[in-house]
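*Asks:* Residues per chain are reported as follows:
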Amino acid sequence: MKSLPIPIGRLVALSLGLTPVGCGSAQSGDSADASDNADIPSGRVAFRFHALVGGLGLRMDGTRYANPSGPGHLEIRDFKVYLSNVALGKGTSSDAFDEEDSYHLARFSRRSNTYEFELSGVPPGQYDTVNLSVGVDPSANQRLDHMGDLDPNNQMAWNWMTGYKFLVLEGTYHPEDESSTVPIVYHVGLSENYKEISFALPEMLEVRDGTASVLNFDVELNELFHNPNPINVARKPSIKFDPTDASRMASNYEHMITLRGPASPPTPAVNPP
Amino acid sequence: MSTPIRGGRYRLGRASITGITTLCALGACREPAPRHHARHAPGWIPAHFPSPPDEPLRNTRTPAGIELGERLFHDPILSRSKTVACSTCHEPSLAFTDGVARSTAGASGHPLTRNAPALTNLAWGTAFLWDGGARDLESQAIGPLTHPDERGADLAELTHRLGRDPSYRAAFGEAFEAETIESAHVVRAIAQFERSIVSASSRYDRFVDGLAELSPLETRGRLLFESSQCAVCHLPPLFTDWAFHNNGLDESFSDREDGVLLGRYRITHDRDDIGKFKTPTLRNVARTAPYMHDGRIETLKGVLDHYDSELVDSPTLSPILQAAGTIGIPLRDDEKAAIIAFLRTLTDDDLLDDSAADTEAVREHPRGFTPQ
Chain B
1 MKSLPIPIGR
11 LVALSLGLTP
21 VGCGSAQSGD
31 SADASDNADI
41 PSGRVAFRFH
51 ALVGGLGLRM
61 DGTRYANPSG
71 PGHLEIRDFK
81 VYLSNVALGK
91 GTSSDAFDEE
101 DSYHLARFSR
111 RSNTYEFELS
121 GVPPGQYDTV
131 NLSVGVDPSA
141 NQRLDHMGDL
151 DPNNQMAWNW
161 MTGYKFLVLE
171 GTYHPEDESS
181 TVPIVYHVGL
191 SENYKEISFA
201 LPEMLEVRDG
211 TASVLNFDVE
221 LNELFHNPNP
231 INVARKPSIK
241 FDPTDASRMA
251 SNYEHMITLR
261 GPASPPTPAV
271 NPP
Chain G
1 MSTPIRGGRY
11 RLGRASITGI
21 TTLCALGACR
31 EPAPRHHARH
41 APGWIPAHFP
51 SPPDEPLRNT
61 RTPAGIELGE
71 RLFHDPILSR
81 SKTVACSTCH
91 EPSLAFTDGV
101 ARSTAGASGH
111 PLTRNAPALT
121 NLAWGTAFLW
131 DGGARDLESQ
141 AIGPLTHPDE
151 RGADLAELTH
161 RLGRDPSYRA
171 AFGEAFEAET
181 IESAHVVRAI
191 AQFERSIVSA
201 SSRYDRFVDG
211 LAELSPLETR
221 GRLLFESSQC
231 AVCHLPPLFT
241 DWAFHNNGLD
251 ESFSDREDGV
261 LLGRYRITHD
271 RDDIGKFKTP
281 TLRNVARTAP
291 YMHDGRIETL
301 KGVLDHYDSE
311 LVDSPTLSPI
321 LQAAGTIGIP
331 LRDDEKAAII
341 AFLRTLTDDD
351 LLDDSAADTE
361 AVREHPRGFT
371 PQ
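Line by line, the protein sequences give chains B and G. Per the numbering used here, numbering of the first sequence is gapless, rising by one per residue and ending at 273. Per the numbering used here, numbering of the second sequence is gapless, rising by one per residue and ending at 372.
Isolated chain B, as found in the complex:
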């Protein structure tokens, strides 16, 4: 399990400066872990993603949310998204630190609406940008015999066409008159919908030897339905393989993730258990 179960109630109480450092088990099993070599100075940076609807923590307990682009309500039961090719930039170098085999399946559940992974082996220094992508890059997306988070056993691979679902959002649409419910199935993939996102850090991210910092990101689900392309759940409860529909939602998920603020200050590394 990569995600940390954090009770929904606590989310509101978390303030940036006091964010506790995540456990050290979050790094990808595939990534080269330079911190194995104690001689090379390196720090760690945790990436923590908070799934939100209308600014409040996503709940998958039957909570109904207003349809962001039309009438009725929606209930969300499953939300997963691939976050990949994570890099830290410094000045003119946008990839001063590149995570290897950088594929993270962010899974959100009824138990936890946060997901976290950690970059390890980050060379000490000051970083001013964070780059990550939504989806799976075209090179990795043209085959399925991957390991780690891309293992098809995560049920994110299509079985009829080579490629991954980049984003899965499933649930139920409830019309205003409660006449009949409609399943919501958004499976957005296709290589052209791989979106690279760059975040300028409001303050330098200082990485020091043996320390860990945390970057917090909001993942706002309402953005999926109106920015920049309005998608009315009532009319379009399902997107599976129509490339036009998929591309419209992908243009929206490009804007779904925002950086919450400066990184929490580095704290001394905790001893691994």
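I should point out that these hints are in silico values taken from the structure, not numbers from a laboratory. One or more hints might be untrue.
If we take Cβ atoms under 7 Å as the criterion, some of the chain G residues that face chain B in the derived model are [said to hold, decoys possible]: (1) Thr146; (2) His147; (3) Pro148; (4) His160.
Just the calculated beta-carbon pair ranges, DEER-fashion [to be verified]: (5) G:Pro50 with B:Thr181: 48 to 58 Å; (6) B:Ser251 with G:Leu223: 27 to 37 Å; (7) B:Asp78 with G:His269: 20 to 30 Å; (8) G:Arg169 with B:Ser238: 41 to 51 Å; (9) G:Thr83 with B:Glu196: 22 to 32 Å; (10) G:Arg58 with B:Asp78: 30 to 40 Å; (11) B:Pro183 with G:Phe207: 54 to 64 Å; (12) G:Phe207 with B:Pro138: 37 to 47 Å.
Yeah, the Cβ is synthetic: ideal placement off N, Cα and C, and Gly gets one too.
Position chain G against the provided structure of chain B, taking the given hints into account.
*Replies:* Frame of chain B, contents of chain G only:
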């Protein structure tokens, strides 16, 4: 029951991987080297075949990988119910098909949407499944493994299951130097085995090599085949162009069933691809009935009748099938009989018999033979 001969044959088949000549020189052979052991020889290309595309660097064939793939291919452990193997629908003696139009042998018992294709000469393939949706054999294998109407396997449970079997742990270790068995290893082994199934030993092949004669009727059929539109799509020597065509089966193509009836369009979303399906190879075609992507035509005569006079027009109908100034390929009955006689020369008895014998050996001795 395993007879000594069959056991010997099985060992011999494996020995051919590592160098049959050496072993024979040492007197280890009980039988003369089989003329046909091509499917166990990575990298072997029949002289009259084109060069295949490079196999993926991440999964180059090894004897251990091919052997593991063959075992997995026949093992029903690869299904949720432990009752359905790859070979349930890809029976070696039927050129790796199943003899039915749309199988109901899968985990759910629901009829599949398409006919099980022959699995020969896949090393030359460029896209897999009837609509070409799978980009390589490794990725293709995920589909039938997990589809609820095929084997319905949960890949995490499947690899766990395999990992509990010491003989599989050893085989995966040998093939992939893997400490834990991953789904990627499973599909890579299966792909290695599939790439090793080479059909190039039919009577037609011996004719091409100057080692056999065709009868006058077969010769007439060959000339008709090669000079008509047949050979444009069913291009010798592989008897497929690996491309997608609408061959006039339907007037319209429904978007029901998640687009599975739309053919290549389902993958490309190009309207020009509506109703197009991949050209199947005609190698071993006498053994692969019924025909077409949904198995709707039962006999070779029925197929030729279709091309002669039963084609229906639609916007994407192949221009190749309109080249005669009319829709279809006009053929008289005696011409059809000659073409069918020729098509029967494409049956590769060596491959099918060897495969059937190997299959029996693998099924009887799934853990392989340990040299005494």
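*Asks:* Going by Cβ atoms only, is G:His160 closer than 7 Å to chain B?
*Replies:* 10 Å, violated
*Asks:* Under 7 Å is the threshold here; is the Cβ of G:His147 close enough to any Cβ of chain B for the hint to stand?
*Replies:* Cβ of G:His147 sits 5 Å from chain B, so the hint holds.
*Asks:* Does the hinted range 54 to 64 Å hold for B:Pro183 and G:Phe207 at CB?
*Replies:* Taking Cβ atoms as reference, B:Pro183 and G:Phe207 lie about 58 Å apart, which means the hint holds.
*Asks:* Between G:Thr83 and B:Glu196, does the beta-carbon spacing fit 22 to 32 Å?
*Replies:* 46 Å, violated
*Asks:* Is 37 to 47 Å right for how far apart the beta carbons of G:Phe207 and B:Pro138 are?
*Replies:* Holds, at about 45 Å.
*Asks:* Do G:Arg58 and B:Asp78 keep their Cβ atoms within the hinted range of 30 to 40 Å?
*Replies:* Taking Cβ atoms as reference, G:Arg58 and B:Asp78 lie about 31 Å apart, which means the hint holds.
*Asks:* May I ask you to test the hint 41 to 51 Å on the CB atoms belonging to G:Arg169 and B:Ser238?
*Replies:* Since G:Arg169 and B:Ser238 have Cβ atoms about 42 Å apart, the given range 41 to 51 Å holds.
*Asks:* Please check whether B:Asp78 and G:His269 have a Cβ separation lying inside 20 to 30 Å.
*Replies:* 26 Å, holds
*Asks:* Is the shortest C-beta separation between G:Thr146 and chain B less than 7 Å?
*Replies:* 5 Å, holds
*Asks:* If I claimed the Cβ atoms of B:Ser251 and G:Leu223 lie 27 to 37 Å apart, would that claim hold in this structure?
*Replies:* 57 Å, violated
*Asks:* Does G:Pro148 pass the interface hint, meaning its C-beta sits closer than 7 Å to a C-beta of chain B?
*Replies:* With a closest approach of 9 Å, the G:Pro148 hint is violated.
*Asks:* Regarding G:Pro50 and B:Thr181, is the given constraint of 48 to 58 Å on their beta-carbon distance met?
*Replies:* 55 Å, holds
Checked against the numbered hints above, the structure breaks hints 3, 4, 6, 9 and satisfies the rest.
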